[in-house]
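Sequences are here, hints too, so could you generate the full structure?
So the sequence lines, in the order shown, correspond to chains D and V. Residue numbering for the first sequence follows full-length UniProt numbering, starting at 1 and increasing by one per position. Residue numbering for the second sequence follows full-length UniProt numbering, starting at 1 and increasing by one per position.
Honestly, the hints are just simulated from the structure, not real lab data. Predicted model, so just to flag it, every value in this text is computed and none were measured. Where a beta carbon is used, it is the ideal one built from N, C-alpha and C, also for glycine. Do not take every clue at face value.
[Stated by the list, open to error] With beta-carbon atoms standing in for the labels, derived distance ranges: (1) D:P183 / V:S58: 53 to 61 Å; (2) D:L232 / V:A163: 55 to 63 Å; (3) D:I95 / V:E56: 39 to 47 Å; (4) V:A163 / D:N96: 52 to 60 Å; (5) D:L232 / V:S58: 37 to 45 Å.
[Stated by the list, open to error] Just a sample of chain D residues kept apart from chain V, beta carbon distances all over 12 Å, derived: (6) N96; (7) L123; (8) D171; (9) G184; (10) T216.
[Said to hold, decoys possible] Coverage of chain V stretches by chain D, computed from C-beta distances (three or more under 8 Å per stretch; other residues unrestricted): (11) 32-46; (12) 67-78; (13) 132-141.
The residues making up each chain are set out below.
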Amino acid sequence: MEQSRALPTEVDLSRPSAARVYDYFLGGAHNFEVDRQLAEQIAAMTPNLADTMRAGRAFLRRAVAELTRLGVDQYLDIGSGIPTVGNVHEVAQGINPQARIVYVDIDPVAVAHSRSILEDNPLTAVIQADVRDPAHILAEARDTGLLDFTKPVGVLLAGVVHFVPDSDEPDRLMATLRAAVPPGSYLVISHSTFEDQPQEMLDAQKLSARTATEITLRSKAQVSAFFGDFELLEPGIVHMPLWRPDSPGDVDDRPERFGAFGGVGRKPAAG
Amino acid sequence: MALSASEISTSGAQRYAGRWTHAVTRRAFVTMSGEQVEELLTAHAVRLAQALSAEEFSADPAREVGRALVEANLTEPDTLGWSLRALGEHLVDDVVPGLRLPDQATRLTELQAALAEGFALALRDRTFAQQERISRSAWEARNEAEQALRDSEARFRAVFSGAAIGIGIGDLTGQIVDVNQAFADMLGYSRDELREINVSNLFHAEDSPGIWELYEDLIEGKRDRVRIEKRYFRKDGSELWTDLAVTLIRHDDGRPRFTVAMVQDITERYALQQRLRFQALHDPLTGLPNRTLFFERLEAVLQDRQHDRRVGVCFLDLDGFKAINDTLGHDVGDKLLIVVARRLAEAVSSAGHLVARMGGDEFVILVADVDQDGTTVEVAESALRAVAEPVYIGANQLAVSASVGIVDRFVDDGTATDLMKAADTTLYWAKAEGGRGRWARYDPERAAREATSTALAAALPSALARDEFVVEYQPIVSLGNGGMRAVEALIRWQHPTLGLLSPDQFIGLAEETGLIIRLGQWVLERSCAEAGRWHKEFPRARLMVSVNLSARQVSDPEIVDQVAGALRNSGLPPDLLQLELTESAVMATGGEPVRALRRLASTGVRLAIDDFGTGYSNLAYLRQLPIHTLKLAGPFVDGMRAHDPASVVAERIVDALVRLAHALGLSVTAESVETPEQVERLTALGCDSGQGRHFGTPAAPSAITALLRSAEMPGS
Chain D
1 MEQSRALPTE VDLSRPSAAR VYDYFLGGAH NFEVDRQLAE QIAAMTPNLA
51 DTMRAGRAFL RRAVAELTRL GVDQYLDIGS GIPTVGNVHE VAQGINPQAR
101 IVYVDIDPVA VAHSRSILED NPLTAVIQAD VRDPAHILAE ARDTGLLDFT
151 KPVGVLLAGV VHFVPDSDEP DRLMATLRAA VPPGSYLVIS HSTFEDQPQE
201 MLDAQKLSAR TATEITLRSK AQVSAFFGDF ELLEPGIVHM PLWRPDSPGD
251 VDDRPERFGA FGGVGRKPAA G
Chain V
1 MALSASEIST SGAQRYAGRW THAVTRRAFV TMSGEQVEEL LTAHAVRLAQ
51 ALSAEEFSAD PAREVGRALV EANLTEPDTL GWSLRALGEH LVDDVVPGLR
101 LPDQATRLTE LQAALAEGFA LALRDRTFAQ QERISRSAWE ARNEAEQALR
151 DSEARFRAVF SGAAIGIGIG DLTGQIVDVN QAFADMLGYS RDELREINVS
201 NLFHAEDSPG IWELYEDLIE GKRDRVRIEK RYFRKDGSEL WTDLAVTLIR
251 HDDGRPRFTV AMVQDITERY ALQQRLRFQA LHDPLTGLPN RTLFFERLEA
301 VLQDRQHDRR VGVCFLDLDG FKAINDTLGH DVGDKLLIVV ARRLAEAVSS
351 AGHLVARMGG DEFVILVADV DQDGTTVEVA ESALRAVAEP VYIGANQLAV
401 SASVGIVDRF VDDGTATDLM KAADTTLYWA KAEGGRGRWA RYDPERAARE
451 ATSTALAAAL PSALARDEFV VEYQPIVSLG NGGMRAVEAL IRWQHPTLGL
501 LSPDQFIGLA EETGLIIRLG QWVLERSCAE AGRWHKEFPR ARLMVSVNLS
551 ARQVSDPEIV DQVAGALRNS GLPPDLLQLE LTESAVMATG GEPVRALRRL
601 ASTGVRLAID DFGTGYSNLA YLRQLPIHTL KLAGPFVDGM RAHDPASVVA
651 ERIVDALVRL AHALGLSVTA ESVETPEQVE RLTALGCDSG QGRHFGTPAA
701 PSAITALLRS AEMPGS
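This is the structure we're talking about:
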């Protein structure tokens with residue numbers, strides 16, 4: 001099999017991993033000393049960050065639950081990380097036990113971990129691939145046999161597109177993904193932003209360069225462009241907690257403090 | 001004392017859980033909605049209240065609640081703190097108000113301890129499990145990556161060691177890092193020996209100069225791959241030809257790192273190519289270079305347009321080779337060619353000249369740089385000497401000679417084709433000089449003349465068809481009375497571009513090509529027709545027309561019929577036609593001309609010998625011929641000049657010739673008479689008639705008609 005983008009051939013445990021740092025922020029123990037050190041450094045600068053990550057996780061949970069209730073029973077979760085808690089398959093299969101999920105991550109440790117967690121779940125699969133290589137992701141996803149690309153698919157990009165710098169043409173890769181799914185499919189994106197953010201949030205972004213990838217903060221307009229002609233579900237692209245909260249009480253008075261937008265779009269019928 | 005479950009306040013449990021939910025979800029709002037968390041915590045509040053108020057006390061439910069909190073992912077440290085504090089401070093008031101047990105305080109403490117214990121144990125278990133899982137995942141991932149690396153290495157290793165193609169890896173200093181067995185086998189070294197060697201030691205002394213530069217470009221990163229055909233020395237000193245592809249391997253940042261060479265042994269293919277090339281460029285009989293190779297070299301010399309450089313070519317052809325082939329057989333002929341080829345090679349190859357066989361018995365020698373290599377003539381002469389040595393083939397001793405055409409010119413003076421055409425022409429000259437073992441040197445002026453002649457010869461037939469020829473007439477005057485007795489018909493060619501050409505410019509060509517027969521007949525008919533008209537108009541003048549016949553016309557069996565036909569057609573009396581023949585035509589050995597002369601004479605025409613005294617006349621023979629007139633060649637008359645002591649001799653010769661002619665009953669016409677003095681002397685010597693500028697140059701028929709008319713005028 002041809003791999004147009006080289007995947008890591010070495011597993012360097014002396015460097016922190018974004019997936020394990022994320023896990024730590026979510027209260028998991030799937031992490032090592034280097035990951036925790038970096039997480040603490042980031043947390044020291046931006047006390048909100050752990051909340052941001054939980055909020056991101058919660059947004060994903062609400063979005064998947066919503067889509068599953070709308071009838072979507074297959075998901076492509078790109079940049080799934082280490083599925084500590086509140087995983088897509090748990091949420092989706094909790095509503096529809098036949099829901100099928102393909103997880104994608106570039107981190108070989110995250111992939112190995114996901115496989116061990118999902119060993120006994122025949123309706124899930126994990127593939128190692130780079131988000132910047134959508135053609136490869138789509139080919140591998142088809143090869144799993146779990147997803148039927150003639151029927152609506154939920155494509156999830158939770159907290160991952162901001163790892164793709166402009167030089168890697170995120171617009172193009174989003175267009176490829178949008179084109180690969182049939183009408184009625186959904187695109188879920190959460191993405192860090194500089195809009196409405198205090199300086200320390202922007203500084204923290206620079207620290208993220210110490211994990212494998214730097215974060216590129218983008219405006220609402222830029223995030224909106226990633227949806228192309230997909231029709232945004234209400235309430236559109238908003239700070240994450242504002243996207244269909246479970247109850248009004250779940251939203252605190254400063255939803256922008258989480259520093260990321262969330263949105264869900266639906267592919268319109270052709271023509 | 002026992003309490004029933006109904007004493008537990010449902011609304012109180014909800015109030016308690018509401019505060020609890022608010023406290024924990026501030027930090028751990030993750031997997032469930034707030035509603036779900038509150039529902040869960042309400043159940044936990046009820047369980048804790050039940051445990052507290054149970055008749056028989058057990059702290060186990062609190063332990064399970066602690067564990068359940070962890071399982072619900074409510075693991076933040078302050079979750080535990082809040083839970084414990086609320087248990088002690090609010091559980092009774094909120095959920096079981098009014099509960100007063102004697103050991104109530106102890107029971108609460110027990111429950112707090114058990115909840116903390118359950119929480120801690122569950123968290124510890126979970127952490128252990130997660131740590132173990134992530135470690136195992138990391139190990140697996142690393143293992144997989146390493147396995148993939150090992151697999152890839154093993155695959156590479158298998159390719160490297162098992163490849164039939166030679167593979168070598170070198171560092172940037174040229175030091176060989178590793179080679180596979182195939183490479184080592186090709187070069188005849190062991191792999192260990194090669195690993196001690198620098199690639200520069202493997203460069204062949206005769207590698208083309210560009211190869212080093214290509215290699216330098218490669219290791220400097222200026223190019224990524226190089227593919228060439230290259231020679232190596234094997235360990236035993238023998239030569240190995242390879243198809244070599246060298247690829248540069250770079251560091252991640254682009255800096256050159258290694259070179260990888262792929263080597264294929266093409267020695268056999270190369271040898272075959274060389275053999276095929278040799279065969280394509282050499283003559284199979286003699287082994288000499290063939291014309292293809294010769295032209296290749298010649299072109300190369302001509303390409304190298306150095307100022308003032310001269311190139312020479314000797315084009316050599318054996319004399320009489322066809323006769324040897326015909327009499328002794330082709331086998332002997334071939335052997336002779338082999339000997340000649342070897343001798344030529346020995347004679348001139350040592351000096352660096354290329355000897356090639358052009359085909360048949362033609363050889364050619366290329367003197368690439370005349371100024372450096374001695375003159376081309378010297379080369380030709382040494383070639384002729386080499387060929388001239390007797391050749392022994394079986395029982396035959398053959399005396400062989402050759403002719404050589406030499407061309408020697410500046411390199412920028414025309415193409416190879418021009419040069420060889422010149423050589424061919426010059427060889428023809430050498431042959432035409434009639435000798436064996438001669439050489440001739442190219443003369444551009446002669447060639448130009450010949451080229452003009454050739455062009456004229458080619459144009460002759462169409463000129464005749466287009467009526468481009470005219471006849472002029474020159475008076476022949478009686479020295480006795482000064483009257484015009486005859487006119488000589490002289491042909492002219494009114495050439496469309498070259499103007500009026502005299503006979504000496506084209507008659508020779510017409511004789512060579514055979515066109516002289518038709519041309520001569522045309523002149524004969526045209527002259528007779530003209531003379532016939534004159535005779536009709538001026539019968540008393542009895543003007544004779546004198547027409548030249550070439551030797552070929554004389555020997556033509558048709559000539560008598562042609563003459564008779566011309567007389568018949570024109571009505572000219574035979575005795576008014578004189579035919580001029582050259583001495584050589586008359587004196588030619590063999591009976592046919594004499595018979596032809598007799599038959600011509602029998603028609604009644606007069607015969608004259610033209611240019612008498614310039615050929616080899618057999619005077620005795622002259623007597624037997626039916627000749628009427630001798631025309632004394634111009635030089636005799638030219639010699640008769642006033643105040644010239646030599647003119648005495650000339651006069652005596654003319655005197656003798658006139659006497660001789662008269663003795664034989666022949667009349668004499670002097671040619672080239674130019675002065676009155678000459679007329680006077682010739683008259684004194686008894687010469688019968690004269691022709692020349694003194695009496696009039698060749699003129700158009702109308703001028704002759706005018707002369708005849710004025711002669712008839714009364715009183716003239």
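Status of each hint after checking the structure:
About 59 Å separates the C-beta atoms of P183 of chain D and S58 of chain V, a value consistent with the hinted range of 53 to 61 Å. At roughly 58 Å, the beta-carbon separation of L232 of chain D and A163 of chain V lies within the given 55 to 63 Å, and the hint holds. At about 42 Å, the beta-carbon gap between I95 of chain D and E56 of chain V stays in the expected band of 39 to 47 Å. Evaluation of the 52 to 60 Å hint for A163 of chain V and N96 of chain D yields a pass: the beta carbon distance comes to about 55 Å.
At about 55 Å, the CB distance of L232 of chain D to S58 of chain V disagrees with the hint of 37 to 45 Å. With a least beta-carbon separation of about 17 Å from chain V, N96 of chain D lies farther than 12 Å from that chain, consistent with its non-interface assignment. With a least CB separation of 19 Å from chain V, L123 of chain D remains clear of the 12 Å interface cut-off, as annotated. Annotated as non-interface, D171 of chain D keeps its C-beta farther than 12 Å from every C-beta of chain V; the closest such distance is 28 Å.
Residue-level check passed: G184 of chain D sits 26 Å from the nearest beta carbon of chain V, beyond 12 Å. For T216 of chain D, the non-interface assignment is confirmed: its Cβ lies about 23 Å from the closest Cβ of chain V, beyond the 12 Å cut-off. Closer than 8 Å: that is the beta-carbon criterion, and the segment 32-46 of chain V has 3 residues meeting it against chain D, so the requirement of 3 holds. Coverage of the segment 67-78 of chain V by chain D holds [criterion: at least 3 residues with CB-CB distance below 8 Å; count 3].
Note: the segment 132-141 of chain V has 7 residues with beta-carbon separation from chain D under 8 Å; the three-residue rule is met and the coverage holds.
This entry does not satisfy hint 5, going by the numbered hints stated previously; all others are met.
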